[in-house]
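Full structure from sequences and hints, please.
Those protein sequences? They're chains E and F, same order as listed.
Each residue of the first sequence is one higher than the one before, counting from 1 in my numbering.
Each residue of the second sequence is one higher than the one before, counting from 1 in my numbering.
Hints in this document: simulated from the structure, not taken from any laboratory.
Accuracy of the hints is not assured; some may be wrong.
[To be verified] If you want the footprint, here are the derived chain F segments under chain E, 3+ residues with CB under 8 angstroms:
1. 192 to 206
2. 220 to 230
[Said to hold, decoys possible] Take a look, some chain F residues computed to stay more than 12 angstroms from chain E by CB distance:
3. 14
4. 19
5. 30
6. 32
7. 35
8. 50
9. 72
10. 86
11. 103
12. 124
13. 153
14. 161
15. 163
16. 234
17. 285
Everything numeric in this text was worked out from a predicted model, so none of it was measured.
C-beta atoms are modelled at their ideal positions from N, C-alpha and C, and glycine is treated no differently.
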Amino acid sequence: MAEIVIRNLRKEFGDFTAVQSSSFTIADGEFFMLLGPSGCGKTTTLRMIAGLEMPTGGEILIDGEDVAQRPARDRDIAFVFQMFALYPHMNVRRNIAYPLVSQGLSRRDANAKVEEVARILDITDILNRPVGGLSGGDRQRVALGRAIVRDPKAFLMDEPLGALDAEFRERMAEELRALHDRMGATTVYVTHDQLEAMQMGDKIVVMNHGVVEQFGAPQDIYDKPATMFVADFIGSPAMNFLPFTGTIAEGATEARLANATIAVPRQHDGAQGELVLGVRPEHVHLADDGALRGEVVAREYLGTTQILSLETAHGPLKARVSSADAVHEGARVGLDLTPSTLTLFEAKTGRALRSDLNAEVLHG
Amino acid sequence: MSAHSVTEPSARQKWIAGTLVILYALITMLPLVWIVATGFKTPQDAISYPPKVLFEPSLEGYVNLFTTRTRIAADDLAALPPPETWYEQIVRNRDMVIAGPSRYGERFMNSVIIGFGSTFLAVFLGTLAAYAFSRFRVPLKDDLLFFILSTRMMPPIAVAIPIFLMFRELGLSDTHLGMILLYTAVNISLAVWLLKGFIDEIPREYEEAALIDGYTRFQAFYKVVLPQAATGIASTAIFCLIFAWNEYAFAVLLTSGNAQTAPPFIPTIIGVGGQDWPAVAAGATLFLLPVMVFTILLRKHLLRGITFGAVRK
Chain E
1 MAEIVIRNLR KEFGDFTAVQ SSSFTIADGE FFMLLGPSGC GKTTTLRMIA
51 GLEMPTGGEI LIDGEDVAQR PARDRDIAFV FQMFALYPHM NVRRNIAYPL
101 VSQGLSRRDA NAKVEEVARI LDITDILNRP VGGLSGGDRQ RVALGRAIVR
151 DPKAFLMDEP LGALDAEFRE RMAEELRALH DRMGATTVYV THDQLEAMQM
201 GDKIVVMNHG VVEQFGAPQD IYDKPATMFV ADFIGSPAMN FLPFTGTIAE
251 GATEARLANA TIAVPRQHDG AQGELVLGVR PEHVHLADDG ALRGEVVARE
301 YLGTTQILSL ETAHGPLKAR VSSADAVHEG ARVGLDLTPS TLTLFEAKTG
351 RALRSDLNAE VLHG
Chain F
1 MSAHSVTEPS ARQKWIAGTL VILYALITML PLVWIVATGF KTPQDAISYP
51 PKVLFEPSLE GYVNLFTTRT RIAADDLAAL PPPETWYEQI VRNRDMVIAG
101 PSRYGERFMN SVIIGFGSTF LAVFLGTLAA YAFSRFRVPL KDDLLFFILS
151 TRMMPPIAVA IPIFLMFREL GLSDTHLGMI LLYTAVNISL AVWLLKGFID
201 EIPREYEEAA LIDGYTRFQA FYKVVLPQAA TGIASTAIFC LIFAWNEYAF
251 AVLLTSGNAQ TAPPFIPTII GVGGQDWPAV AAGATLFLLP VMVFTILLRK
301 HLLRGITFGA VRK
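Given below as structure tokens:
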């Protein structure tokens with residue numbers, strides 16, 4: 001098992017920069033998520049860690065050793081592909097044994113390990129079947145078996161649940177996480193599904209356009225987004241953005257919007273010009289004497305909560321409120337925002353302003 | 001323009017289609033049947049008119065194909081000891097004796113060496129080239145592929161004279177090596193293009209999985225890619241073999257005493273001792289067999305090979 005340190009990692013394909021100077025650290029035994037929309041460079045980053053792509057620049061340290069320019073076979077990592085990539089001309093047993101064969105393990109030792117792994121994954125009954133006829137879940141397990149069979153330093157997974165049916169994903173996600181906890185193996189997992197990332201990850205890196213937007217624990221990323229992109233990408237419905245023009249002084253504890261004054265966490269940096277106030281839907285409350293006023297244009301009933309779509313003087317706003325709150329479409333309501341949860345952003349750069357809320361998680 | 005009709009054909013349509021297919025098969029098979037039958041006829045039966053459909057089979061054509069014979073006077077024939085073998089008997093019946101073996105066997109072996117040799121070389125080089133074109137960033141890839149294709153844009157025989165002169169200068173005329181190189185050169189563009197199509201269809205993840213599993217790029221190629229490409233390699237090999245096996249014009253031009261293949265040899269049978277059609281037909285029949293056997297052995301790969309690209313796995 002290993003710690004993986006990524007330092008200034010960069011990848012260019014001709015004129016196209018897939019990954020721009022990225023740095024983050026994956027602690028030993030961590031379940032680490034690489035999250036972002038398609039084309040953001042997360043898969044390229046994973047493939048560079050695996051050795052399937054050679055970086056244009058930067059370092060990849062596995063247990064302190066720079067492996068950035070080494071071939072995949074010298075890195076002792078395992079990779080689970082999105083489409084599983086089981087060798088179609090071999091049966092399940094040979095697929096799982098294949099990494100052991102390359103290590104020159106005797107047939108008997110290899111077989112013993114395959115049986116052991118098959119027991120862990122509960123696939124002993126299909127060991128002699130060809131891989132062609134297997135269900136998605138069984139293919140997934142065989143792919144995992146091939147990964148864990150030789151105790152690699154780390155597991156790399158490229159959207160391994162992407163090819164599964166929705167009902168099965170939930171179960172496999174749990175199995176994966178349980179397997180990780182049992183083996184304690186460093187795992188790097190690529191996904192574009194923010195729920196999956198939040199649900200399974202110890203740490204998350206959010207990437208966009210080849211840039212690391214934020215890196216931290218799921219809760220920090222959700223509560224203290226470093227950029228508007230992260231705030232928008234994570235959470236459903238996404239964070240509300242209320243744009244305004246104004247000035248925030250260093251140490252300020254309120255933001256003056258067009259016709260409302262909103263209390264915010266104490267600001268560490270001053271800023272002026274085009275700014276954006278970010279608030280999560282669950283931090284918008286109905287309050288007759290609230291600072292904001294809005295009109296309910298739609299309701300979405302979700303059981304214990306409901307999502308209200310509101311039209312305010314500052315733009316559209318979504319609120320997640322208790323289903324017990326009786327409101328009807330067309331009603332004009334007062335709104336209150338939970339001050340300690342609010343984040344201010346610079347509109348031009350999309351970066352969060354440092355405050356008491358997020359200072360400790362923002363880098364630089 | 002779909003390959004499959006959406007509605008199930010009616011019984012009547014199936015019947016008409018079936019009849020047409022059988023009719024077409026009969027028409028294309030007829031010359032083959034004619035050749036095989038003629039090989040087992042006597043020279044008289046072979047040229048009788050109207051043609052004999054039912055006849056007494058004879059191996060005279062095959063005997064004549066593999067032997068050279070001399071006509072001798074009836075007195076001398078009577079003085080000879082009785083024939084020891086059945087084929088000597090056949091020859092004696094025509095007032096002749098066997099003078100020695102013909103060169104057919106030798107020519108046939110030349111065809112085997114040159115045909116299979118060039119097929120192997122074209123498929124081997126073609127697979128490596130196709131893999132490289134399919135997987136690596138090759139500078140000027142599109143131009144190179146087009147150049148390779150362009151070697152087939154005119155009939156190969158159009159360059160017969162330059163090749164004749166080149167072969168003479170290089171000492172390749174009438175050698176097995178020369179013919180193998182020539183047929184390889186003609187076949188390789190077909191091989192590269194066909195195989196690139198097949199290898200493009202094999203997901204890269206298989207090799208990448210092998211790279212991760214501790215194998216080198218070359219091991220990944222021959223342990224994982226090659227088995228996947230077997231279908232493509234088999235059908236490419238059949239196409240290459242059929243061309244090299246049947247090629248006539250270059251063989252006439254470039255080979256004579258040493259490396260002559262069967263196609264230019266078979267017609268020369270006609271000149272020896274009259275128009276011996278059964279011997280020609282026997283030579284043609286035997287000549288058809290290797291490609292037929294090869295194709296039958298690889299037939300399960302062939303259907304997908306011919307329709308490649310049209311069928312999704």
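Worksheet item: Are there three or more residues in the stretch 220 to 230 of chain F whose C-beta lies closer than 8 angstroms to some C-beta of chain E?
Response: holds (count 3)
Worksheet entry | Given as non-interface: residue 86(F), which should sit over 12 angstroms from chain E by C-beta | holds, 50 angstroms
Worksheet item: Was residue 163(F) rightly flagged as not at the interface, with every chain E Cβ beyond 12 angstroms?
Response: The assertion about residue 163(F) holds, with a minimum of 41 angstroms to chain E.
Discussion item. Quick check for students: does the CB of residue 124(F) sit more than 12 angstroms from each CB in chain E?
Written reply: holds, 20 angstroms
Worksheet item: residue 14(F): least C-beta distance to chain E exceeds 12 angstroms?
Response: Holds, since 31 angstroms exceeds 12 angstroms.
Item to complete: May I ask you to check that residue 50(F) keeps its beta-carbon over 12 angstroms from the closest beta-carbon of chain E?
Response: holds, 57 angstroms
Practice prompt. Report holds if the minimum CB distance from residue 285(F) to chain E is greater than 12 angstroms, and violated otherwise.
Written response: The claim holds: residue 285(F) sits with its nearest Cβ about 38 angstroms from chain E, beyond 12 angstroms.
Practice prompt. Quick one: work out the minimum CB distance from residue 30(F) to chain E and report holds if it exceeds 12 angstroms, violated otherwise.
Written response: holds, 42 angstroms
Fill in: Check of the stretch 192 to 206 of chain F against chain E for coverage (Cβ-Cβ below 8 angstroms, three residues minimum)
holds (count 3)
Worksheet item: Are all beta-carbon distances from residue 72(F) to chain E longer than 12 angstroms?
Response: The claim holds: residue 72(F) sits with its nearest Cβ about 64 angstroms from chain E, beyond 12 angstroms.
Worksheet entry | 12 angstroms Cβ clearance of residue 103(F) from chain E | holds, 45 angstroms
Worksheet entry | 12 angstroms Cβ clearance of residue 161(F) from chain E | holds, 45 angstroms
The structure shown violates none of the earlier numbered hints.
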